[in-house]
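Undergrad: The lines below spell out each chain.
There are 2 protein chains.
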Amino acid sequence: MKARLDCIPCILRQVLRASQYSHLPPEIQEKILRESMNALLKEEWSKTPPELAHIAHKIARKYARGDPYKEVKKKSNDEALSLYPKLKKIVDESDDPLRTAIRIAIAGNIIDFGALEEYNIEKTVNEVLHKKFAYDDYPLFKKILKNAKSILYFADNAGEIVFDKLLIEKIKEIKDYKITLVVKAGPIINDATLEDVKYIGLDKLINDIRYISNGEIGYERNSPEVKSWIKEHDLTISKGQGNYEGLSEFQGIFYMLMVKCPVIAEDINANVGDIILLYR
Amino acid sequence: MKARLDCIPCILRQVLRASQYSHLPPEIQEKILRESMNALLKEEWSKTPPELAHIAHKIARKYARGDPYKEVKKKSNDEALSLYPKLKKIVDESDDPLRTAIRIAIAGNIIDFGALEEYNIEKTVNEVLHKKFAYDDYPLFKKILKNAKSILYFADNAGEIVFDKLLIEKIKEIKDYKITLVVKAGPIINDATLEDVKYIGLDKLINDIRYISNGEIGYERNSPEVKSWIKEHDLTISKGQGNYEGLSEFQGIFYMLMVKCPVIAEDINANVGDIILLYR
Numbered sequence: 001m002k003a004r005l006d007c008i009p010c011i012l013r014q015v016l017r018a019s020q021y022s023h024l025p026p027e028i029q030e031k032i033l034r035e036s037m038n039a040l041l042k043e044e045w046s047k048t049p050p051e052l053a054h055i056a057h058k059i060a061r062k063y064a065r066g067d068p069y070k071e072v073k074k075k076s077n078d079e080a081l082s083l084y085p086k087l088k089k090i091v092d093e094s095d096d097p098l099r100t101a102i103r104i105a106i107a108g109n110i111i112d113f114g115a116l117e118e119y120n121i122e123k124t125v126n127e128v129l130h131k132k133f134a135y136d137d138y139p140l141f142k143k144i145l146k147n148a149k150s151i152l153y154f155a156d157n158a159g160e161i162v163f164d165k166l167l168i169e170k171i172k173e174i175k176d177y178k179i180t181l182v183v184k185a186g187p188i189i190n191d192a193t194l195e196d197v198k199y200i201g202l203d204k205l206i207n208d209i210r211y212i213s214n215g216e217i218g219y220e221r222n223s224p225e226v227k228s229w230i231k232e233h234d235l236t237i238s239k240g241q242g243n244y245e246g247l248s249e250f251q252g253i254f255y256m257l258m259v260k261c262p263v264i265a266e267d268i269n270a271n272v273g274d275i276i277l278l279y280r
Numbered sequence: 001m002k003a004r005l006d007c008i009p010c011i012l013r014q015v016l017r018a019s020q021y022s023h024l025p026p027e028i029q030e031k032i033l034r035e036s037m038n039a040l041l042k043e044e045w046s047k048t049p050p051e052l053a054h055i056a057h058k059i060a061r062k063y064a065r066g067d068p069y070k071e072v073k074k075k076s077n078d079e080a081l082s083l084y085p086k087l088k089k090i091v092d093e094s095d096d097p098l099r100t101a102i103r104i105a106i107a108g109n110i111i112d113f114g115a116l117e118e119y120n121i122e123k124t125v126n127e128v129l130h131k132k133f134a135y136d137d138y139p140l141f142k143k144i145l146k147n148a149k150s151i152l153y154f155a156d157n158a159g160e161i162v163f164d165k166l167l168i169e170k171i172k173e174i175k176d177y178k179i180t181l182v183v184k185a186g187p188i189i190n191d192a193t194l195e196d197v198k199y200i201g202l203d204k205l206i207n208d209i210r211y212i213s214n215g216e217i218g219y220e221r222n223s224p225e226v227k228s229w230i231k232e233h234d235l236t237i238s239k240g241q242g243n244y245e246g247l248s249e250f251q252g253i254f255y256m257l258m259v260k261c262p263v264i265a266e267d268i269n270a271n272v273g274d275i276i277l278l279y280r
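For the protein sequence lines, the chains are A and B, in the order given. Counting in the numbering used here, the first sequence runs from 1 upward without gaps. Counting in the numbering used here, the second sequence runs from 1 upward without gaps.
Certain hints may be false.
Heads up, the list lumps identical chains together, so a pair's fine if it works in one copy or across two of them.
[As the list claims (entries may be wrong)] Below, a list of computed lysine-lysine pairs in the DSS-like style, where the Cα atoms sit at most 30 Å apart: (1) 62 - 2; (2) 62 - 42; (3) 175 - 149; (4) 89 - 131; (5) 47 - 31; (6) 260 - 123; (7) 31 - 2; (8) 198 - 58; (9) 58 - 47; (10) 42 - 2; (11) 227 - 143; (12) 198 - 227; (13) 227 - 178; (14) 89 - 142; (15) 204 - 142; (16) 75 - 260; (17) 58 - 42.
Bear in mind the hints are in silico, worked out from the structure with no lab data behind them. Computed from a predicted structure; not experimentally measured.
Work out the full structure: start from the sequences and follow the hints.
TA: Next comes the structure, spelled out in C-alpha cells:
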C-alpha cells in the first residue's frame, strides 16, 4: 500500500524516538529530525510506509553508530521467553491448539515500537485469547495448510518472534513443513533480525531464511525477488503492519496482525485494536 | 516554555488534521504538510510550542480559505451548552461549589483538537469530579481571590468556554469582580475566539476582552503587552496547555489544566491524564 499523509508525522515521531532510545544528546536528536524532514521532503510520498520510514531510520542509525533498539529488543525477547512456558501450556490445553497459537502469535504483534509507545503483553494476550476476529480466514488457512508442503513466514518484531516460534512449532506438529523465515537484513526499529532468531532459538525450527530490507541491505518487500519467494511456497504468512504495508500488492497471503494505527485500519477496513487473520 | 523536539512531529500531525477537517483534496493536504515542514525547518526550535504551531496552521488556513475547525467548534459549543444545566446543578449541589466549578472547568479542557484526536466529555467530567489533583493550590487560590478585585482569565478552547462560564459565574457570585477574558484574535485549531464567546453568552458576564495571537493577529502570550495585562489584574487564571506553554516565563499565574501530552507532563512534573491547579 502507498503511504498516507498521516505516515509522515508518524515516521518523524518514530525516528525521534529512535534517536532518544540511542541516548544521543538533544542537538544530535535535532539534527536527525531535521535531516529526516529534509530527506522526506525530497521523496515522492507514493512509496510504501516502510520505504519512507527506512529513509529516516537510516539517518538515525548513522548518528547512533549502531542499533538504537538493541537494548529494547533484548528486553522484548527476554520478556517473551519468560512467558513462553505459560503460553505453550495455554496452547496445548486449548480445544484448538493451532487456532490458539495463531491468536497468541497475533497478540505478540503488540510488541511494536514503531506504531506504539507502550504496551502490556500479558494483558494483550489475555484479551486476544477471547477476542472476535475482524477478519477470520481460519477455515481457509487450515485448508491450504493441509495441502501445503512449504511455508514462507514473514516475521515482524523482536519479542513477537517468540510467539511466532510457538505457532511454527504447532504447525510443525501437524506435518514436517519446509519453513522459510523472512526477517530484516539489518536493524530497523524493533524488527527481528537473524540475531534475534538465533537468540530465541527459532533457527533450529526453520529450513531456510531470507532477508528483506531495512533501508540499507536486503530486498524491498514489493520487489520481484520477494514475489518469487511467495510463488515458491505453498502458503505465505505475513505478520504485522509493516509486512502488510509492503506486501499488499501481492496475492495469496495470510495476514496475521493487530491493527495499531488509523492508516492501516482504513486500508484494511477495520478498527484500531482489531485482530486480523485475512487471506488476500 | 521552549518547544521540545517531540512538538515538531505533533505540530505536523495537527496541521494535517486541520487540512483534513477542511475537506481539502489530498494533493492540497500534501502541499500544506510539505510547506509546513519547509517552514518549520527554517525556524529555530527554541520558540514556544504555540509559536511554532502558528507557523504551520497559518499555512493550513491559507489553503482552507477560512477556519478548518468552524464546524467542530460549533459542535463542541453546542455539546457543552447541552450539558450546562446538568453541570450547573452538580456545582450548586456540591459541598464546595467553587472547587467543583474549578474541577468542571478543568474537565472541559479535554475538548482539545490539538493534543487529542478523540475525547468523551461526559466520561471526563465524571472522572475529574473525583480525581486527585497532581498539584492543588486551591487554598492559595481562595486566599488571593478573596482579596482580589480584578481577574484576568485566559480561555482555551471552544466548548471548554461553556465550562469556564460556569466557573466565572460561580466566582461572580462571591463578589462582582472585574473580569477580563483573553481569547484568540483569530482562528487556530479549536481555540475559542470572540465568536465563540458571544455564541455561548459569556460576553454578558465579562467586563473586558483581550486578544492573543493565532499567528496572524493579536499579541503573542510571551510579549510585554501580555505581561502588562497580568500586572494590571489581581489574579490570573490560565486554562489549558497552550496558555501554559506560552505564559510559563511569567510569575503569579494559576494554571488550570488537564495534562494531555508527554512534553507538558515532563515540563510540569506530572503524568498524562493528571489534573492541575498550580500557582507559579
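Undergrad: Each hint: holds or not?
TA: Hints and how they fare:
For a Cα distance limit of 30 Å, the shortest separation of residue 62 from residue 2 qualifies both inside one copy, at 26 Å, and across copies, at 27 Å. Both within a single protomer and between protomers do residue 62 and residue 42 lie at most 30 Å apart by alpha-carbon distance, with minima of 19 Å and 23 Å respectively. When the C-alpha separation of residue 175 and residue 149 is checked against a cutoff of 30 Å, the pair qualifies only within one copy, where the shortest distance is 8 Å, while the shortest distance between copies is 83 Å. Only within a single protomer do residue 89 and residue 131 lie at most 30 Å apart by alpha-carbon distance; the minimum there is 19 Å, versus 41 Å between protomers.
In this homomeric assembly, residue 47 and residue 31 come within 30 Å of each other (Cα to Cα) both inside a single copy, at 24 Å, and across copies, at 17 Å. With identical chains, the CA atoms of residue 260 and residue 123 are at most 30 Å apart both within one copy (16 Å) and between copies (24 Å). Taking identical chains as interchangeable, the C-alpha atoms of residue 31 and residue 2 lie at most 30 Å apart whether they share a chain (27 Å) or sit on different chains (17 Å). Only within a single protomer do residue 198 and residue 58 lie at most 30 Å apart by alpha-carbon distance; the minimum there is 24 Å, versus 52 Å between protomers.
Taking CA atoms no more than 30 Å apart as the test, residue 58 paired with residue 47 passes in both settings, with 16 Å inside one copy and 28 Å between copies. For a Cα distance limit of 30 Å, the shortest separation of residue 42 from residue 2 qualifies both inside one copy, at 17 Å, and across copies, at 28 Å. Proximity of residue 227 and residue 143 under a CA criterion of 30 Å is satisfied intra-copy only: 22 Å inside one chain copy versus 73 Å between copies. Taking the closest pair of Cα atoms, residue 198 and residue 227 come within 30 Å of each other only inside a single copy of the chain (26 Å); across copies the shortest separation is 62 Å, beyond that limit.
Only within a single protomer do residue 227 and residue 178 lie at most 30 Å apart by alpha-carbon distance; the minimum there is 18 Å, versus 73 Å between protomers. Only within a single protomer do residue 89 and residue 142 lie at most 30 Å apart by alpha-carbon distance; the minimum there is 22 Å, versus 60 Å between protomers. Taking CA atoms no more than 30 Å apart as the test, residue 204 paired with residue 142 passes inside one copy only; the shortest distance there is 24 Å, against 69 Å between copies. In this assembly of identical chains, residue 75 and residue 260 lie within 30 Å of each other by CA distance both inside one copy and across copies; the values are 21 Å within and 28 Å between.
For a Cα distance limit of 30 Å, the shortest separation of residue 58 from residue 42 qualifies both inside one copy, at 15 Å, and across copies, at 23 Å.
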